[in-house]
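Based on these hints, arrange chain U on the given structure of chain S.
In case you want the letters, here they are:
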Amino acid sequence: MATKDLEQQEAATPTRVERTHEWPTFSPAVDIVEQKDRFVLKADIPGADPQTVNVEFEQGVLTIHAGRQTPEHTGDMLWEEYREGDYERSFTVSDDINAEQIKADYADGVLTLTLPKVEAAKPKKITVNVT
Amino acid sequence: MGDLSRLQREMNRLFDGATAGRWSGQFPAVNLHAHDDGLVLTAELPGVDPQSLDMSVKGDTLTLSGARSAATPAEDEVVHRRERVAGSFTRTFQLPCVVDAEKVEARYTHGILTVQLPRTEAEKPRKIAVKTS
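Protein sequences, first through last, are from chains S and U. Residue 72 in the working numbering sits at position 72 of the first sequence, and the numbers go up by one each step. Residue 1083 in the working numbering sits at position 83 of the second sequence, and the numbers go up by one each step.
One or more hints might be untrue.
Unchecked claim - Derived DEER-like restraints, expressed as beta-carbon distance ranges:
id, chain 1, residue 1, chain 2, residue 2, range
1, S, LYS125, U, ASP1049, 44 to 54 Å
2, U, ARG1082, S, THR127, 44 to 54 Å
3, S, VAL118, U, SER1088, 32 to 42 Å
4, S, LYS125, U, GLN1051, 52 to 62 Å
5, U, GLY1087, S, LYS125, 44 to 54 Å
6, S, GLN59, U, ASP1037, 20 to 30 Å
As the list claims (entries may be wrong) - Some residues of chain U that are not near chain S, with every Cβ distance over 10 Å (derived):
id, residue
7, VAL1030
8, HIS1033
9, THR1063
10, HIS1080
11, PRO1096
12, GLU1102
13, VAL1104
Derived from the structure by calculation, the hints contain no laboratory data. Glycine included, each C-beta is placed from N, C-alpha and C at the ideal position.
Isolated chain U (complex conformation):
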């Protein structure tokens, strides 16, 4: 009976997550925004040492890799729940435009990595004046 109600709760939790649009795919989950001057990529990386993050940008390709260490349980420890993702990860993204690799900036706050990806000058939208004759 206890197992059944636990299963029920787990199911509810899963569905709650699904209906709320929770991503359950790759780690880390990322969002990408676009604005006039470029792109902003954010990634959920709680408990990841920013020093362990490795990021490279080339043209319109961004690669993010790193690792989240799993605490190895001591001998007298009992693990009751292990839901948090651990291990190393690599994700490569093709961006919708070429970005200026020199000007890419990344910041890590409260477990969120925010990467500012400015477009190259050539990629920026240009205003074209319409001439009238």
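This is chain S alone, in the form it adopts within the complex:
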């Protein structure tokens, strides 16, 4: 059986709409783990507004996008280690994924995607007819 490269890689040329706003878009850090029957992807998107978390699957490319709530605190910035912006990242998904069954959960700034594999072609027994 030809083994397919199951690793999900970022799409080389994700087809996407350009966004017209002035805040930046960040590529979130992810963990991808493969289990027997599924892939599990976790992405850090701290501060993302649950209403804006969007997962799209189109032509083998899985795209996650999330927007950030506008910060409520005002005042002078004294120290800045992170900037606020949107999150976006795309992955090429192999045919072995059952796209219909992809599940997404968002909690505490972490987006968790569960991508079940399609049922593997089971080995078939062929009966030999003896004449």
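Frame of chain S, contents of chain U only:
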């Protein structure tokens, strides 16, 4: 060839992050704002159990510690990517003014910890009336 293009992508991703001002130093990344009544410290702590966070304030020093648990992979699991930071952390900050430890409030929403640090009464700016004779 595949490795090369992957490397290229990684480089692009790193540089994209750098030019966009993404902090790649300590965890968690924090921002500090000042307003008339005090300071606001925010920290990016996605996936951290708020119960595991430990914070102490004394005078003008704030210490934040906690842990983000790394899921230990099961035997039949294959890890393809591990970019998210895991483990325990402690950061200590010297604040630009003395804050009222009694009135410090912290809130954790969508992976962001927001700490309100009011100044002590003595530290607050006072309006001084200019007398004319």
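A quick look at each hint next to the structure:
no.: 1; hint: S:LYS125 to U:ASP1049: 44 to 54 Å; verdict: holds (50 Å)
no.: 2; hint: U:ARG1082 to S:THR127: 44 to 54 Å; verdict: holds (47 Å)
no.: 3; hint: S:VAL118 to U:SER1088: 32 to 42 Å; verdict: holds (39 Å)
no.: 4; hint: S:LYS125 to U:GLN1051: 52 to 62 Å; verdict: holds (54 Å)
no.: 5; hint: U:GLY1087 to S:LYS125: 44 to 54 Å; verdict: holds (50 Å)
no.: 6; hint: S:GLN59 to U:ASP1037: 20 to 30 Å; verdict: violated (53 Å)
no.: 7; hint: VAL1030; verdict: violated (5 Å)
no.: 8; hint: HIS1033; verdict: violated (4 Å)
no.: 9; hint: THR1063; verdict: holds (16 Å)
no.: 10; hint: HIS1080; verdict: violated (4 Å)
no.: 11; hint: PRO1096; verdict: violated (6 Å)
no.: 12; hint: GLU1102; verdict: holds (21 Å)
no.: 13; hint: VAL1104; verdict: holds (15 Å)
In summary, the structure is inconsistent with hints 6, 7, 8, 10 and 11 from the numbered list given earlier, while agreeing with the others.
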